[in-house]
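Colleague: All chains, full assembly: derive it from the sequences and hints.
Number of protein chains: 2
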Amino acid sequence: MSYQLRPGMHVLEIDTPALLLDLDAFERNVNRMAQFFAGRPTSLRPHAKTHKCPTIALRQLEAGAIGITCAKLGEAEVLAQAGVPDILIANQVVGPIKIDRLTDLARECNVMVAMDHPANVDALSRACQAKGVSMRALVEVDIGMKRCGVRPGGAALPLARQIADAPGLQFAGLMGYEGHLVMIPDPDERASRVRGAVALLQETKDLLERNGLAVPIVSGGGTGTFDMSGTHPTMTEIQAGSYVFMDATYCRIRPEFEPALSVLSTVISRPARDRVVTDTGKKAMSEEFGLPRPIGIEGLSTQALSEEHGRLTATADAASLQPGDKVRFLPSHCCTTVNLHDRLHVIQRDALVDIWPIAARGRAQ
Amino acid sequence: MSYQLRPGMHVLEIDTPALLLDLDAFERNVNRMAQFFAGRPTSLRPHAKTHKCPTIALRQLEAGAIGITCAKLGEAEVLAQAGVPDILIANQVVGPIKIDRLTDLARECNVMVAMDHPANVDALSRACQAKGVSMRALVEVDIGMKRCGVRPGGAALPLARQIADAPGLQFAGLMGYEGHLVMIPDPDERASRVRGAVALLQETKDLLERNGLAVPIVSGGGTGTFDMSGTHPTMTEIQAGSYVFMDATYCRIRPEFEPALSVLSTVISRPARDRVVTDTGKKAMSEEFGLPRPIGIEGLSTQALSEEHGRLTATADAASLQPGDKVRFLPSHCCTTVNLHDRLHVIQRDALVDIWPIAARGRAQ
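If you read the sequences in order, they're chains A and B. Each residue of the first sequence is one higher than the last, beginning at 1 in this note's numbering. Each residue of the second sequence is one higher than the last, beginning at 1 in this note's numbering.
Hint data in this document are derived by calculation from the structure and do not stem from the laboratory. Some hints could be false.
Just so you know, same-sequence chains aren't split out, so a pair can sit in one copy or run between any two.
In silico lysine to aspartate or glutamate, EDC-like type, Cα no more than 20 angstroms apart, as pairs [claimed, not checked]:
#1 LYS146 - ASP274
#2 LYS146 - GLU307
#3 LYS326 - ASP100
#4 LYS146 - ASP188
Modeller: Structure follows, in structure tokens:
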């Protein structure tokens, strides 16, 4: 016997830990989000930090997305190589090594980058001129998250003007992410606070336009806020990412999308009547938003993760679990869980139908 | 200009995020632990879950370790391929796919595995016979961690006897890990509780020996307890792992070892006088035991990590940091940080001297 992943094999025959993707749920999620944006003035530019998977990025484009958002230059390089034609790197790309790579990338695809510092504008402009390339740049505005970005309003004007005047760069607009609001449980409160945050982008946009700068793009938003920022007249692009996979946390916020991602594990020990230990710990499942939740078996709950063990409490049906039995977990956060794996095992009605490489995993540079 | 890692380049020229290993500190750690065990009846079998790096495993063997400990079969396969001759997989290897791989591995190296269930003994014995291989097995005993393992004392006897009688398996002894004690801050309390836990292994060993079973190996221990369990007459092998790298947490427990591991990052944004944002977040640094700590710059402290950002508060010297400047972090836990990276950038006196692949990263299966 030699183990090989092969199309048609039963999900329970897959070696563990394994990251599983329910293809039907995934496709419904992709289509549901695409339909929301179909015919609206605002467009979808899904965030690939969630999946780091070229196959998924290309499917999002087929479903109508206008381009892809990345967190890192390394992710963008992998996606461009796979044929993604239009990529926003939604962060500052800083330092000579990365600026050299970024200007190389501009030869491969339409690239757009976020900026918040005049020295970065100078450096990128010089590099673009030296290589004879050009790219679009957005001014990142801090709309309350207190991470990167210039302050809303007047602070954006000199930077936008500097970009507009910089050879090799085109000032394309603004970016602001309401990341501090995406997990507010009450939808009305979330919507109200999102309106307040997007109003800061609108004021900044109005100020730039009054000063003669066109602002064709205003980018932001996420899975928690896509229908709030995505229906605001100021926003032109929404960067939602987690909707493709979902997880225990996003399912509470966004019941209209389906959990499509899970982690398959094997019971390796039954040391006590009420204790089940699996082969799947912190190195296969993120604890970022809490413990992953066992699904499909009554009476099982996660007590703790070690690096390579899941410790569960078993009552009811779960008391009959034996070493070798399989347990599936719903992660608490999809993005940091996917980052621990090299491939997605794509499942349809309990059969393996495909393997999708998470080709940009580890591309943090 | 084209970026390439090359020997002799300055550490600040390395692209970020980058996992750095201070070679001199690392070698002192390896030697310090080796010296502790030199001439003692107890031996060192370092745990490779920490580094997942064949280069480091081979150096530990050169320094006197009797073999290597792994958490996962996949790690053991990588190390055996690299020439590690003797490997303990300190967990249950369960299910037909893995048992097939485990018996293949027994052709490559001397392998030893932990067991705590009779069905697993049967399955592995049958597989060993079918392939004409044999391997050693330890009975895992739960000495208070409440994870895997049979109860101390009588519960180990039938399993040990079953292994001793099973064709293809050799009963080699006991394993018990005092993982619930390794982080007790007070060394006296830690030592006292370790003695209590190891006494459970001793009672179990005595019972087996009274029943005619030889117990040549008793394996356990970690960096937090190596000099406590490692000087107990019952223990024959200590599985310390973290001492090679150390981290902010282990440095508090074990000041005699030096922090050798750090994560190099770049400042990508200076959006406010007191705020510094780096390109290094949860996908490059574990938060398992707390936030990573910036080192070498006064007045800088980590406020929070996003997936790909470190948000720091800056006062004093740190207020002059600009985008492009570098910040090094000491992780809160080495094992889960290393698991996020593909290579170690080996540094000596601020120069890159080598790249060591973390070849078993992601080998959770």
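Colleague: A separate judgement is required for each hint: does it hold in the structure or not?
Modeller: Hints versus structure:
no., hint, verdict
1, LYS146 - ASP274, "between (45 angstroms within a copy, 11 angstroms between copies)"
2, LYS146 - GLU307, "between (32 angstroms within a copy, 15 angstroms between copies)"
3, LYS326 - ASP100, "between (47 angstroms within a copy, 18 angstroms between copies)"
4, LYS146 - ASP188, "neither (23 angstroms within a copy, 44 angstroms between copies)"
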